[in-house]
Structures are given as structure tokens and as C-alpha cells.
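Chains as they are written, first to last, in the numbering used here: chain A, 1 to 623; chain B, 1 to 623.
Be careful, since some hints might not be right.
Since copy identity is lost for identical chains, a pair holds within one copy or between any two.
[Claimed, not checked] Listed next, the in silico DSS-like pairs over lysine-lysine satisfying Cα-Cα at most 30 Å (straight line):
1. Lys586 <-> Lys539
2. Lys539 <-> Lys258
3. Lys586 <-> Lys494
4. Lys264 <-> Lys600
5. Lys600 <-> Lys268
No lab work stands behind these hints, which were simulated from the structure alone.
Protein chains: 2
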Amino acid sequence: MSAASSAAPSASTVAAIREKARRLSILSMMATTAAGSGHPTSCMSAAELVAGLFFYAMKFDPKNPTSNDADRFVLSKGHAAPLLYAVLAEAGTFPESRVMTLRQFSSELEGHPTPRVPGVDAATGSLGQGLSVGVGLAIGARLDKSSTRVYVLLGDGEMAEGQVWEAAAFAGHYKFDNLTVIADVNALGQSAPTMYQHDMETYRRKFESCGWAADVIDGHDVPAVLAALDRAKATRGRPQAILARTVKGHGVSFVAGKENWHGKPIPKDQLDAALKELGGPITIASDAGNSYERKSLPKPPDFPAPAPPDYSDGKPVATREAYGYALKRLGKVNPHIVAISGDVKNSTFSEIFGDAFPDHFYQGYIAEQNLVSAGVGLAARGKVPFLDSFACFLSRAYDQVRMAAISRSNINLCGSHCGVSIGEDGPSQMALEDLAMFRAVHSSAVLYPSDAVSAERLTEAMARRAGINYLRTSRPKIPILYSSEEKFPIPGFKVLRQSAQDRATVIGAGVTLHEALKAAEQLKSQGIAVRVIDLYCVKPLDARAIAAQIATTGGRLITVEDHWPEGGIGEAVISALAQVGVAPAKFRMLAVTGMPHSGKPDELLDAFGISARHIADAVREIA
Amino acid sequence: MSAASSAAPSASTVAAIREKARRLSILSMMATTAAGSGHPTSCMSAAELVAGLFFYAMKFDPKNPTSNDADRFVLSKGHAAPLLYAVLAEAGTFPESRVMTLRQFSSELEGHPTPRVPGVDAATGSLGQGLSVGVGLAIGARLDKSSTRVYVLLGDGEMAEGQVWEAAAFAGHYKFDNLTVIADVNALGQSAPTMYQHDMETYRRKFESCGWAADVIDGHDVPAVLAALDRAKATRGRPQAILARTVKGHGVSFVAGKENWHGKPIPKDQLDAALKELGGPITIASDAGNSYERKSLPKPPDFPAPAPPDYSDGKPVATREAYGYALKRLGKVNPHIVAISGDVKNSTFSEIFGDAFPDHFYQGYIAEQNLVSAGVGLAARGKVPFLDSFACFLSRAYDQVRMAAISRSNINLCGSHCGVSIGEDGPSQMALEDLAMFRAVHSSAVLYPSDAVSAERLTEAMARRAGINYLRTSRPKIPILYSSEEKFPIPGFKVLRQSAQDRATVIGAGVTLHEALKAAEQLKSQGIAVRVIDLYCVKPLDARAIAAQIATTGGRLITVEDHWPEGGIGEAVISALAQVGVAPAKFRMLAVTGMPHSGKPDELLDAFGISARHIADAVREIA
């Protein structure tokens, strides 16, 4: 790193930081022993690092700790939550007494951090995700032309997660010099020593190979910590890693550096002895019971209506392509949109946006985990992230999506190339589980357009909706179904064919909706009328509205989907109906049941049971 | 690397390899142009590398290409499938004419490789997974004390995937010197140049930082390729990376090194010109239409019955702990079992097995993606992998599980700490989507034991069952329900409480089954009899047998699960019933609907609607 930009800190500063670190360790022990669970030793290894950060390096506003005008901190090693709560308390965000409510049912100070706690941008506790969140915050700061910095505390155990190296490579490539990692290398994982233990040079080589500045220090040597933080801040053109050799359980002889203390509080009868070694206990007022839960969480910013889509020429368009046009239209009216693509912008069509707004578009390379968690960081800074890959590859980031939901984050995901209708590329490229996956995400909307107009309108709806939004797009070009003025509320569906004579309801979406329309034509020629429903919103569902449709077609229902039978449209509909006390009189669920293989899209739709022929057969069976 | 172990190859050997490489490029182009899709340029960059591997370095048996007595090859960059098919054809596994059926509906030669093709151990095409498969094959070879080697061809685009670096770190740490990576660094991704383009030294630093020997060569220089393969083979104590600088589309001037040719065949009208540049075309007999689909896929080896579990002391035991005991019992009778834990062996209890069979246990560190794909490699060598982590963190490897299913692999996954019943650690550690996730996997069994006996018996069943097997274990200690002799067939369930007066059926599993039993006791005291079913097998389901139970309780059904409502027990049951034409007369689905937080397990079960109190209320509502 470059030379320090500031003079060495004074002896009194060093002493003050030492005192803060001591209090953080003591408070972490006291809170976890009171809770009867938690990870005090994982806090104690990082006490000097975090004290140095908050009370020396960071521009931090304790009363508005997630302000875009201040530096941001991400505790990637989320099990050190008590340390984070302790430092927020010491900084004045809430009283120390509140830390003693750790892990209680009624406390916002949970076992691992969530944005319920002021100062927490993203939930952590699934390891290896925090650096990607930091990357998203760093992108946001760069877009805002803000001089604020992002600090991420990593544990060494979590550096076995590949996502850490996706994020490190990404940050190095884009030269985010507003991003600093502090690695708490305490050499002990949960069940055993870490892979590299205290081999600090290996960590240095890893970060340097990703284009980072790297600095190895003793993480308990306060002057060394402060000097490293100064050097990091002064470094230009590269992110910086402060690799701190530490001792798990530092400061208390009978736990320090010892195995089998991970995730274990100091036993009640040993707490006094432990605190004494750190000159404790400290006096803490009893908790008044007040909640300090964060009142307002980020919401997607409002924006004026974009120009409507125009497909009046009537030519077939793939929904994946419409997604790109929609993003571009949105980009013109919403300056907060940022798109990242997992090296597939020419397949998902986010390149249409990227070409129009190059500063708001990032090539995410083939690294879906970093893609999603970076979105969480962007959203925490008030941006509106749109993240794309093939739908099947988003399954690689399911844990990251799950954590995004726990983060109460507002992220938008677009997965293209769903189902067997992609054809020749074969099953590795076919998403057949994405509806199941995204439905089982708290706060999610699962959207599945069947034409370009709805794809565009739903993309716009995503930009306005809080929570996890997923758009499933399709590879084939398909006919336009709707006029540009059509509205697509969430929840909702469209009835595309109906008559008083309808003998069954067929619910589909995407390619299967078009197969259903074909089947309806065939059946009509045979004198059988069927209702056809476009279920463009798979979650949430308006069960009563669907039930009303089915009731008028003799209770006969067919669902058809380019997805496994588990967790998709069929199960969503049948389960929603059951929960409002409705069951179809007769029911057929058409879905992909065998393992598909390569072939032409039409061959595959037919071979795997979801083509117009199968739909018509099912109608004739039950109607 | 160390000095070459063999003399330099003769000029005639070099010429023969060059000729093979030329034929591989030509065949890749011809096949993709005939198919009208595919990735010829991604094949052409690696033609010399693959020719050198198959016709110089590898001990390869074309008639038994996945023999444990021969070297193994994993094409991690699966989109270069035509190159793999071409080399298998050139080696004699099937005729060249068969390669011309690429991507056809009726051909086993799919767009991306699957084990339908002889010589393919694992499906690839979701990038960045092949090195982990190679790691599993390397573990297997080491366990077998076999001198065979494993070669993995990586693309440079996929090296952005963190999983590559999980696998590289793992292989370096365990010093797998029977493992060689050949990296085809052609500098062009799908949508744009790769992150590092031809910066070969960065790749060298990355591999070296993981403890590998690394060698940078010109990938089109045949003598250099062969020399590097010799050096790799002679290297002891470290895995080896041959980092080959290549040109995408090498050999054909109008595509070589050009952007916008990814995934595009040479147009028909330009094919002749392209082939001419490589001295082509070559003459290929017309295809006889014979399938060369692999006849037999690996099955889990049979083994004698282990000693029965013994919980006769009646003390409560967590199902996660029983899993560890079961693995140990199995280890005594099945020498093929290999367990890997994601640094949680002391939470999932695989340490019980690891302590008994240290050679068959690997610390997988915190890297779930590598964990799962390594299992696929192990299974391909006839091992029986048991892979464990917290259930929520298996969501990180969903893409790897999906690919394992496409690989027709036999892997066993154990996910512990499901649901809100884990308590104080909070939602980041609670699996609430794992049933949805694993149900939507082709060939999967989803098992969810409610006591130690069933946990042990189901673990044994997993070791015998082909496909993807998932065991959901729970954190709390729970009472023993079954005698050691009880059988647990797949599919199946147990009726634990029944009488002729039953007014409703309650289906639960894990902690909610025990809540249901408590509710049944409470209701009994109020004169309300209910049937209680232990759904230990969530997938597959015997819908008719469940329907018969519900029919005898007035069609009234309650499902209760420590899982989101989407894709779990409730949806599985209601959808299975609907598919056999049965609907409950009255139905209540109890599941976790709000975002949970920290608290005591009992507080959380009650707060999130799945405790005995809620079950009893639901029964009273509908019965």
C-alpha cells in the first residue's frame, strides 16, 4: 500500500481504542453468557479491528448509521453479531443495556445480524456473502460520486467460500478503491482449524492475485491496526485487504486459541474469571425494554411512468428480449436502476440497457453468487438492481436470494431460457425448478410473462415493488397477446379465451400458454370450448378469483407448465385453491416429468407432455 | 513443475497429435453447422490440448472409458461438447459419423455432455463445476490406492465462478497430485472478453496461491502441450495446472480471436471455406442410426445389513445425532462410504463417522458447492458419498444438486438445523425452503425423520437408493417413537395415532410431528380423536395410501411443517391427492408464514403458527 496519509495516531488515541476494544470483548462475553448461546470467541478476535474501524477510521453517524453520506460497515462473519451490537452501542446507536437482550424473542438484536438492527445493511450469517454486499455498496458509492468508503469484516473460515473470491476478483477488476476488507484470521473454524490457519502469506497471495493491495498485521496490535486503516484509506486504484493475524478468544487465557470453543458462551460460573482477565466486569444499566428496531427500511424509489411499449407491428418477440427493451425504457425515467449480467447480456438482452446506460451496467462475469449479493448492496444504497442470468444458473445463488429476503432487500432477478423450450442446448441450460425455488422465498413475487407487452409491464412493476422479484423469461419468439395499454397487477391473471360453454379451465404461462391457445383452437373445431388463463403472476395468487373462473367451467382444471411438477404452477394453483376451501372437480397437472434432453423446442414440448396435443387430450379426458 | 519424466516426444508423435487436433476442429465445425447450433469456436481453442490428452498423456480405454483402471477426463467447459464427442469418436468409442447427430432429438450426443454418452462421468454445462467433480474422482482414486489420474479441462470464462477456487483450494490443501487442470485460456467469454483475457500470470498466481504447480504454455504448440502434460504427470505432492494461452476459433481466420462468435456454428455457406483453412473437409461415413447411449450407469453397491440401531434406553436424541451413528454403523459394512462435511461435522454429527473412519472422511471446509460436486465425482468412481451441512446452506449448492440429477448421480445429502426449531441463531441458519428445493430435483427422495430410529433407517436406505437422496435432520432432541425393528420403506408413512372415531388427519414430520402428538393428547382430553401421521418420506408420496387415511377421518386434513408454505409438506400432499382425484373435505395448511427471528424453539414454534396449540385450534375449526 502507499504511505500513510496521516500522521501516526497519538498515544491517547491508541489508548482510547484499546479501551473500546476491551469493552467490546467484555460486552460480547456478557451478552452471550446471558443469552446462553452465541459466539463470544469469534467476537474477541476482532475487537481491536472493529474498535479501530468505528472509533478511528470510519466516518460514521451513530444516529443515522446507514446514511449514504457516511462510511458503511458489513459484518460478513455474521456470527460475531454481539461484537457489532456492542460497537453500535458504544458508538451511541442504542444503549449498552440493549446488547444484554441478545437473542431474546423480543429483541431486534438477533443471533445473527439483520436489517432490523440500525446500521445493518444486509443480513449475514450465511458466510462468504458480505464482500459481495460490500461490492454493491461500493458500486453505489461510485455511481453517486460519493467519497464514502465501505468496510467489510471477513472471517478466515468463510474465505473457503468461492463467493469471496468471485467478489474479490470483481472488486479488483473494477478497481474499487473505496472498498476495504479486514480479514480476522483467527485460524479456527467451527469444527477444526481453518485450511490455512495462520499462513498469512497465502491470504496475501490470494488477494494480490485478484488485484488488491494487501497488508499483513497483528490484529491485536492497536497502533498496527490504525496504521493499516490509514494506509488502506490512502490507497488509490485498488481495493485493500488488511489481513490481521488474530487469536480466537483473545484476552481470556482459558479460551484464547483453543479448539472446541466455537459458538459457545463462557459458562456462567467462569464468566467472572474471564471478565477479570480483561479488567471487567463493566457496569451496564438494566435494559428499559425499549426496542431499537429500525423503523424504515429502504423502499424502491418512485419514478414517473415510462413510455409504453410498442409492439403494434405484431411480430413475435421473445419475452427475454422485451425485458431488455423494458429496462431501457425504465432507465430513461429512473436514474437508480443498475443492471448486472452474469456474462449473458446478449442472451438475456440486458445489453439493450447496457448499451444505452453504460455507467449503470456492469458485466458481472460468470459468478452468480456475487451477482445476487452485490444487488443486495446496491439496494441498501437506494439503487434498483436488475440482475440477470439464465434462470437455471440463478439456482447457484439460491442461498444468496434467501439471505436477500432475510435482508428485507429489494432486488430484481431476471432468469431467461426457462424450461425445455430452449431446445438443443439440453437440460443443463433448462430451468425446471426456478418457480419452486423463487416461490419458496419470503416476500417474493414470481412473474412469468407470455408476451412482450406483459414482459415489459412486469419489469416495470418489479422496479416499483419492494421485496424479491423474479421474472421468468423464455427463449423462443412468441406472438404478442396484449395491447400496450393493458395493465398487469400483482397478483393477477388474464382470461384470454372464454365463453358460457367452457367445459374446462386451462392455466398456463409462457410457451405453455401459447400451447393452450393452440389446443383451444383445435378443441373449438371439435365443439369443445375451454377457458384459457394466462397466469402471468405465479406468486402471489388471488385464489378466490381463480376459483371463480374454475367454478364456471364445471370445476374442471388443467394446469400446464414448462417446469417440474414440484413447486410450480400446478402446485401453486391447487394449493392456493385448497387453502380457500376449493378443490377442482377434475384436475390434470401437465408438467415435465422425465429428464429432458436435446432436441427442437417443439419436439421437446411434445415429448415431455406439455404441448397443445397433450393439453387437448387432457381436456377431452376430463371435460 | 519438476523435470519431465520422459524423453521429448518424437516428431512423428507430434505430427500425429497435430493431425488428431486438426480432425477434432474440423469435426466440431461440421457437427455444429449440421446441427445449426453449438459452440465450435470453443472447441477449436482446445483441440491440441484435448488431442494431446487423449492420444499422448492419458491411459484411456475407448471401449470402457469410465473404467476405474484408466485415467478420467472431465470437460468442465461443457459447451465444448462437440470436441469431446469428436475425441471419443477419434479414439474409437463410437464412429465419427455419430458425431454428426449432435443435438438431435434421437441422439445421446446432446448439446452439453451428460453420462448418456460413454466416457462422461458427470453432466457439465453449468460452468465451474468440473474441477470439483475431478476432486471427487481424485479422492476416489486415492482411496482405491489407484495410480490413475484425473484431467479436467477448464475454460477461462468459468474461472470467474467461485466454485473453481473452492475446488482448487481443496485440491491444493489435500495435495492431490493425481489431478491436472488444463485451462483453455482463449480470452473470450460469451458476451465479452473474459476478466483477465490473456493475462496468464494472473492465472498462474491464482493457482499457485492454492498450492498448485502451474505451467503457462501456448495451447496450440503441440510439443509444448505434450511437454507440459509430461511435467504434470511427473509432479509429486501437488495438483498441476497447465495454463494454455489459446485462440478461440483457432485455425479459421474469419472467426479466430473474434468476438460475437460464441455459441454460433459456422454458417453453412461459409463452412467449406472454414474447413479448407484446416485442410478439410474430412470424409465421414453416414450415420447408421445406432445409438451409443451408455447402457449401465453406476448404482450404489450392495452391502450387508448393518447392526440395528439401539435406542432402548428411551432417552430423547436429535435426528442429526442419529445420522452420525447411522453413518458409523454403515461404515462397518460398506467400505464405499465417504463422508464430507462443510466444516460442521460437530453440528451434523458426521464426526462420529469421521472419528471411526478417518480415511473415509474429509473436512470440506465452508464450501458447499465443491462439497456437492465432489460427491458427484466420488459416485462416478463407485463410492457412496454422504455430504453434510446445515440444510439452509445446501441452498448454496442447488445448481450443483440440479446438475447431479442431470448426471444421473447417486449422492446423499444431509441437511441439519431445519426450520424455526433451531431457535436463537435466527433465520440465516434456519432452512425453510429445503423441502421445496429438493422436491424439485429429478430422481430425488426427500426424507424427514421424526426420531432417531427412523433417522438411522432412512440413512441406510439412502446408501442403497440410486438418485439424489436428501435427509432433513433437526436440531432439538426429540423422543424415540419406533422400535429398532421398524421398517421405513420409500415411499411410506407411519400412522402413529388412530381410532375409528378420528375426526381429522394431522400430517407432520420432525418437530411438528411431536407437536401433533401433543395436540392429539390435548384434544383427546376434550373428547376429540385425531389421526396422526408421520410423513417421514416427503417424496415420493403414495397418494392413494394417504387418501385412504384421510377418507376414514371425514376427509378432514391438517398438514403442519417447519417450512415455508410453498413447496413443502402441505403442497406435496395436496398436490399428490389432487393428481389422484382426491381433495380433502376440509383442509388447513400450517406452515411458517412470517419471517422468523431469534427466540427459544418453543416460542418460535408457537409464534410462527406450527405448535401444538395451533394444531389443536385447526382441528377444532374443521372437525
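Comparing the hints with the structure gives:
For the homomeric pair Lys586 and Lys539, the shortest alpha-carbon distances inside one copy (23 Å) and between copies (23 Å) are both at most 30 Å. For a Cα distance limit of 30 Å, the shortest separation of Lys539 from Lys258 qualifies neither inside one copy, at 49 Å, nor across copies, at 43 Å. Taking identical chains as interchangeable, the C-alpha atoms of Lys586 and Lys494 lie at most 30 Å apart whether they share a chain (22 Å) or sit on different chains (29 Å). Proximity of Lys264 and Lys600 under a CA criterion of 30 Å is satisfied inter-copy only: 16 Å between copies versus 57 Å inside one chain copy.
For the homomeric pair Lys600 and Lys268, the shortest alpha-carbon distance between copies (19 Å) is at most 30 Å, but the shortest distance inside one copy (67 Å) is not.
Hint compliance for this structure: hint 2 alone is broken.
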